[in-house]
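The hints should help you fit chain B onto chain A, whose structure is shown.
This is what each chain is made of:
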Amino acid sequence: MDSRVLMAHGSGGLMSQQLVDEVFRSIWSNQYLDAALDGAQMTLPPGKVAMSTDSFVITPIFFPGGDIGKLSICGTVNDLVACGAKPMYMSVGLIVEEGFLLSDLRKIAESMAKTAAEAGIQIVTGDTKVVERGSADGIFINTTGIGVINEGTEYTPQQIKAGDYIIATGNIGDHGLSILAQREGLQFSTPVISDCAPMYQLGEALLGFPGGVRCMRDPTRGGLATVLNELAQQSGLGMLVKEKSIPVSSVVKGACDMLGMDPLYMANEGKMVVVVGPDCIEEIMLKIKTVSNCHNAAIIGQVAEEPAGMVLIETELGAQRILGMLEGEHLPRIC
Amino acid sequence: MSSQPEYLSRLLDEIVKEEREIALMEVCGTHTMAIAKSGLRALLPHNLKLLSGPGCPVCVTAQGDIDAVIELAQKPGVIMVTFGDMMRVPGTTSSLQEARSQGADIRVAYSPLDALAIAQRNPDKEVVFLGIGFETTAPAVAICADQARVQGLSNFSVFSLHKVVPPALEVIFSMPDMKIDGLICPGHVSVVIGLEPYIKLVEEYHRPCVVTGFETQDILEGIYMLIKQIRQGEAKAEIQYQRVVKSAGNPVAQQILEEVFQPSDARWRGIGNIPESGLEFRPEYQAFDARKRFNIADREDIPIKGCACGEVLTGKITPQDCALFGRACTPLKPIGPCMVSHEGACAAYYRYSPPTPSKKG
Numbered sequence: 009m010d011s012r013v014l015m016a017h018g019s020g021g022l023m024s025q026q027l028v029d030e031v032f033r034s035i036w037s038n039q040y041l042d043a044a045l046d047g048a049q050m051t052l053p054p055g056k057v058a059m060s061t062d063s064f065v066i067t068p069i070f071f072p073g074g075d076i077g078k079l080s081i082c083g084t085v086n087d088l089v090a091c092g093a094k095p096m097y098m099s100v101g102l103i104v105e106e107g108f109l110l111s112d113l114r115k116i117a118e119s120m121a122k123t124a125a126e127a128g129i130q131i132v133t134g135d136t137k138v139v140e141r142g143s144a145d146g147i148f149i150n151t152t153g154i155g156v157i158n159e160g161t162e163y164t165p166q167q168i169k170a171g172d173y174i175i176a177t178g179n180i181g182d183h184g185l186s187i188l189a190q191r192e193g194l195q196f197s198t199p200v201i202s203d204c205a206p207m208y209q210l211g212e213a214l215l216g217f218p219g220g221v222r223c224m225r226d227p228t229r230g231g232l233a234t235v236l237n238e239l240a241q242q243s244g245l246g247m248l249v250k251e252k253s254i255p256v257s258s259v260v261k262g263a264c265d266m267l268g269m270d271p272l273y274m275a276n277e278g279k280m281v282v283v284v285g286p287d288c289i290e291e292i293m294l295k296i297k298t299v300s301n302c303h304n305a306a307i308i309g310q311v312a313e314e315p316a317g318m319v320l321i322e323t324e325l326g327a328q329r330i331l332g333m334l335e336g337e338h339l340p341r342i343c
Numbered sequence: 554m555s556s557q558p559e560y561l562s563r564l565l566d567e568i569v570k571e572e573r574e575i576a577l578m579e580v581c582g583t584h585t586m587a588i589a590k591s592g593l594r595a596l597l598p599h600n601l602k603l604l605s606g607p608g609c610p611v612c613v614t615a616q617g618d619i620d621a622v623i624e625l626a627q628k629p630g631v632i633m634v635t636f637g638d639m640m641r642v643p644g645t646t647s648s649l650q651e652a653r654s655q656g657a658d659i660r661v662a663y664s665p666l667d668a669l670a671i672a673q674r675n676p677d678k679e680v681v682f683l684g685i686g687f688e689t690t691a692p693a694v695a696i697c698a699d700q701a702r703v704q705g706l707s708n709f710s711v712f713s714l715h716k717v718v719p720p721a722l723e724v725i726f727s728m729p730d731m732k733i734d735g736l737i738c739p740g741h742v743s744v745v746i747g748l749e750p751y752i753k754l755v756e757e758y759h760r761p762c763v764v765t766g767f768e769t770q771d772i773l774e775g776i777y778m779l780i781k782q783i784r785q786g787e788a789k790a791e792i793q794y795q796r797v798v799k800s801a802g803n804p805v806a807q808q809i810l811e812e813v814f815q816p817s818d819a820r821w822r823g824i825g826n827i828p829e830s831g832l833e834f835r836p837e838y839q840a841f842d843a844r845k846r847f848n849i850a851d852r853e854d855i856p857i858k859g860c861a862c863g864e865v866l867t868g869k870i871t872p873q874d875c876a877l878f879g880r881a882c883t884p885l886k887p888i889g890p891c892m893v894s895h896e897g898a899c900a901a902y903y904r905y906s907p908p909t910p911s912k913k914g
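If you're matching them up, the sequences are chains A and B in order. Note that the first sequence covers residues 9 to 343 in my numbering. Note that the second sequence covers residues 554 to 914 in my numbering.
For reference, chain A alone in the conformation it holds in the complex:
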């Protein structure tokens, strides 16, 4: 029989130690974690530091294209990348439900190790708690990451100016639909794979354009439409995008039509919205397209003075309408 996580694994005693040693420390091993101190002690290079935290409660835990472990690394790494930072160190907090399969826990830890190594970030400290059956949905993970920002890099909405271009680095909505399909047992002729990926390569590729890149943001929960609205509100400028320029795969488009959902509000876990000044837009687009998961990148619109704080989308008929924020839960329709 498969071994499972017991309440005793969270007791702080011998069994806790065993779990940490056998699962986490052996899989994530690095000099900081191996030192086994109450807190990791590192030296950071000079300069500004970016710090970001995110919690992951996804169901299902394993999905096409990833799992909660990979997602928990990508989410925080991508937030750091969006700040213009090189991801460096990370903490991991796990809340595990009693009865969770140890083999699954190991799989998740391995997936985290692999993704962290890819993204060049080290897990330097962690914590595990076990809660009674029914008090959590399998496993919840929190990650907090630190990265160092290159001198001269400042990605903030305040840098955005009228005339700037808005880029989406690839197809929109894949993660959201993949999770929905898996959760609800929906099958499509072409399987939908989550785009879950760390975007560190994109971050590195854009380091050569410190003034050209104004701002970057990862369109996770709430999707592209929500990020565009945030950027419009925070910059006090208008965002004008074209429906036909936004890259969406035909499977995602078809499935969303059928389910009454809008890909522009679906979550993405391996995409960025990048706002770029007009001077080096061509160079930057070429550079972005060389990044492995950004071949489909597209200029989806432009920034304008008006309407301040709002997002407008041009439909295929050439009409303009407001692209608003998501209200409440994104629920499917009925016919």
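Hint data in this document are derived by calculation from the structure and do not stem from the laboratory. Just to be clear, a hint being listed does not mean it is correct.
[As the list claims (entries may be wrong)] So the derived list for chain A, only partly shown, Cβ under 7 Å to chain B, looks like this:
1) 192
2) 268
3) 323
4) 324
5) 332
[To be verified] Covered by chain A, according to a simulated footprint, are these stretches of chain B (three or more residues, beta-carbon under 8 Å):
6) 558-569
7) 897-906
Bear in mind the structure is a predicted one, so any value in this text is a computation, not a measurement. Quick reminder that beta carbons are idealized off the backbone N, C-alpha and C, glycines included.
Chain B only, in chain A's frame:
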């Protein structure tokens, strides 16, 4: 052959040329949403009006019926299974969403078959599927009831709020202040019912009806077909959505509907009782009728002060004409169901309104 964008703009040019005052009703909520998303209204001249109709099943669900459903969902041992759209629809004092937060076991499903599976997994619970929708969704529910009967599943029932479209259109066409010159008819419904009901409607009321698909191109073609008929003084029932809809509809779906359900009176929000516009279980299937099984009495509809959903659903006003629209009633805090449903006219106008001032028209 011209490219699609060129074809779309040619169609639009033909439509925009029309100088007569014409009001068309898009019966179906999916059309309302598609039209709003495409921004089409802003491109039409003032003399061409598109009015929303009663074809959003969530929106036409009577408030008293929602109250009855919530009462049932709160009974111990009941699992209520519903399409997601119904969760936020306000009853008189509460919604299914609120009932769930207070402990009722209410689950969102994408298909009535999910409810059947839940019933199989939970033999000690009563699983009730909230049957909402028109001729499009009702056949799947009929199949579930039939399967439950074959499997001898005794803990499954359906709270049927199903409705059929043609009687509501007759009511609208009979209204004395009716100003509708033609109907953009729902493509999905006609996949099941075909063209027959519209032929009767056209004979009686002499207004053109075109069964239309849901892509922007479909909608423009449907509108153009209606305008052409109006220009020529004709009134015919036609199908634009030929790639999907057959004149005879789907006889298999019609048959299962006929076997399991029979017509009944039904209350439509904002319109009132419409004879023969609902679907209730035939006597052979009464064991699956949740209202009878749990002895749920009809609830009164207490009008919501100021809410004009009824006028919106019958094409008498557009959502912006309602005093609550966008002020007291928004998608975050909806007062009427037209603001809740993904396909509700008010939600469509609110979400996809053009920037002011609009570009044209």
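(message) Output the indices of the hints that this structure fails to meet, ascending.
(response) none
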